[in-house]
Structures are given as C-alpha cells and as structure tokens.
Amino acid sequence: MPDLSLSLRSCRPFLGLALCCLALVGPRAAAQDASAPSQLSDGSHLGLGVRMAYGIPKKKVSEASGLAMGLEGLIAPQVDVSWFFSSHLSLGLYGQYGVGRYSRFCSEESCRGGVLRLGVGLQYQFAPESPWSPWLGAGVGYQRHMQNEHLAYGDTSTVESGFELMRLEAGLDFSFAGRFLVGPYVTGSMSSYFWRSMKTDGYPSSSMPANSDLEFWVMPGVRLQARL
Numbered sequence: 000m001p002d003l004s005l006s007l008r009s010c011r012p013f014l015g016l017a018l019c020c021l022a023l024v025g026p027r028a029a030a031q032d033a034s035a036p037s038q039l040s041d042g043s044h045l046g047l048g049v050r051m052a053y054g055i056p057k058k059k060v061s062e063a064s065g066l067a068m069g070l071e072g073l074i075a076p077q078v079d080v081s082w083f084f085s086s087h088l089s090l091g092l093y094g095q096y097g098v099g100r101y102s103r104f105c106s107e108e109s110c111r112g113g114v115l116r117l118g119v120g121l122q123y124q125f126a127p128e129s130p131w132s133p134w135l136g137a138g139v140g141y142q143r144h145m146q147n148e149h150l151a152y153g154d155t156s157t158v159e160s161g162f163e164l165m166r167l168e169a170g171l172d173f174s175f176a177g178r179f180l181v182g183p184y185v186t187g188s189m190s191s192y193f194w195r196s197m198k199t200d201g202y203p204s205s206s207m208p209a210n211s212d213l214e215f216w217v218m219p220g221v222r223l224q225a226r227l
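Following numbering that gives the first Met the number 0, the numbering of the sequence shown begins with 0 at its first residue and continues without gaps.
Any given hint could turn out to be false.
Ranges between beta-carbon positions, derived for each pair [as the list claims (entries may be wrong)]:
1. L88 - W194: 46 to 56 Å
2. T155 - P183: 32 to 42 Å
3. D212 - V181: 49 to 59 Å
4. P130 - W194: 45 to 55 Å
5. S205 - V181: 23 to 33 Å
6. F193 - G42: 14 to 24 Å
7. A137 - M207: 24 to 34 Å
In silico lysine to aspartate or glutamate, EDC-like type, Cα no more than 20 Å apart, as pairs [what the hints assert, rightly or not]:
8. K57 - D212
9. K57 - D200
10. K198 - E168
11. K198 - E148
12. K57 - E71
Note that these hints are calculated values from the structure, not bench results. Even for Gly, the Cβ is constructed at its ideal location relative to N, Cα and C.
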C-alpha cells in the first residue's frame, strides 16, 4: 500500500513556496479591497494562484516507458503567476511538481519519483462579474519525469525529458473577499518525451533518444487564486 505521508513530505518544499507567496499577497489584496465591491476589476492586473491536484495517467500508445514501471498517480501541487489583460482573459506561467505514487510493480520503499512541469497558458473567464464563473484554459510546456529504483543489484535512476504538447483545463471559480477565487477544476494533458538518461549506482549507464509515444494525464483538483 502506498505511503501517503511519504508523498506529502516530498511535496513540502513546493507547498511551502506556494503558501509563502499567498501569505505575501493575501494581506495586500485584502487591504486594497476592504471598501471595494466584490466585482473584479476589468483593467489589467496580476494574479497569483496555488493548486492541489491528483494526477491519473491514462493508457499510453505504447507501455514501453517509465509509466509502465508502476507509477499510478501523482500528488501534484502547482503555482501559477498570471497577467490579466482584462477580467476575462489572462496569460500565465505555471510550475508543478507531482510526487509519484507506486503500487503495481514497485512499492514506494523501492521506487520513488515524480514529474516536473513548467509551461505557459491562456485562460478565459466567462462571467468574472458573477459570484460563480466558469473558465477554460489551454497551454503547452516542458515535462521531466524522474524515477529512482532500489533493486537487488543496485540503484537505478532514470530521467526522461520532453514536452507537454497540449494542456486543456476547465474549472468553476467562486469569488469571495473582493479579489479571491476558489474552486474545482480538471486538467487533461498530452505529452511526449524526446530524451532518456539512466544512471546505475550514480554512474551514467546510458543516454539515448526516448520513444515518441504519447502520454495522457487527467488531473482533478482545487485552485485558490488572488487578483492584485
């Protein structure tokens, strides 16, 4: 059975960064809007968001890569920094590190790893003036899968680098306290790796182009966002 506490401990640095950002932003946003209506400004402004999601890998075109080794999910915190051209349209940068959960072929005592994602995306809010606002997003980015295996004959480390070719999102935000929004969302992504390197007991053992099979993920989660 996967150790959930171990996965959460691995997320602490990323979660700490996200919470520090909100701690710095929150008082400023609240002070600015103490006497303002709960409607978001239609002018350009900055947005900062933190997310928590659970990533579920879907079946690959080929089961030849690291996902076939037993990675069955990710506990995936994320930080977003967005520039809103209006209350409807924004362009943002995102960073996510998902801690892998293993159970099929490799326990978390012998296998550890995760997926790093860095990218850019557009988002459109349909009803920013309403308490409830649905939104859609799309983006692309860089993706890096890292996995360490502790085996009887030695320790093996594998790194795969590639691109998040398409990232589609949909969510529903609830506006509160003037400039804060919170709500559920779901992300669907398609990616492909172009390079793979391996080390055995700390020494490079191979480095080669990765297969170009497509990898699919579904990530339901919750997002908290502050508008400055």
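Here is what the structure says about each hint:
In this structure, L88 and W194 break the distance hint of 46 to 56 Å, their C-beta atoms being roughly 35 Å apart. Between T155 and P183 the beta carbons are some 38 Å apart, a value that agrees with the proposed interval 32 to 42 Å. For the pair D212 and V181, the beta carbons lie near 36 Å from each other, so the given range of 49 to 59 Å is not met. In this structure the hint that P130 and W194 lie 45 to 55 Å apart at CB holds, the actual value being about 47 Å.
Between S205 and V181 the Cβ separation comes to about 45 Å, which falls outside the hinted range of 23 to 33 Å. Between F193 and G42 the CB atoms are about 41 Å apart, so this pair departs from the stated range of 14 to 24 Å. At about 32 Å, the CB distance of A137 to M207 agrees with the hint of 24 to 34 Å. Distance restraint check for K57 and D212: the Cα-Cα separation of roughly 13 Å lies within the 20 Å cut-off, and the hinted pair is therefore satisfied.
Between K57 and D200, the direct Cα distance comes to roughly 31 Å. Violation of the 20 Å bound is thereby established for this hinted pair. Taking the CA atoms of K198 and E168, the gap is about 35 Å. The hint is violated against a cut of 20 Å. A distance of roughly 10 Å separates the Cα atoms of K198 and E148; the hinted pair therefore holds under the 20 Å criterion. For a cut-off of 20 Å, the pair hint linking K57 to E71 stands: about 9 Å separates their Cα positions.
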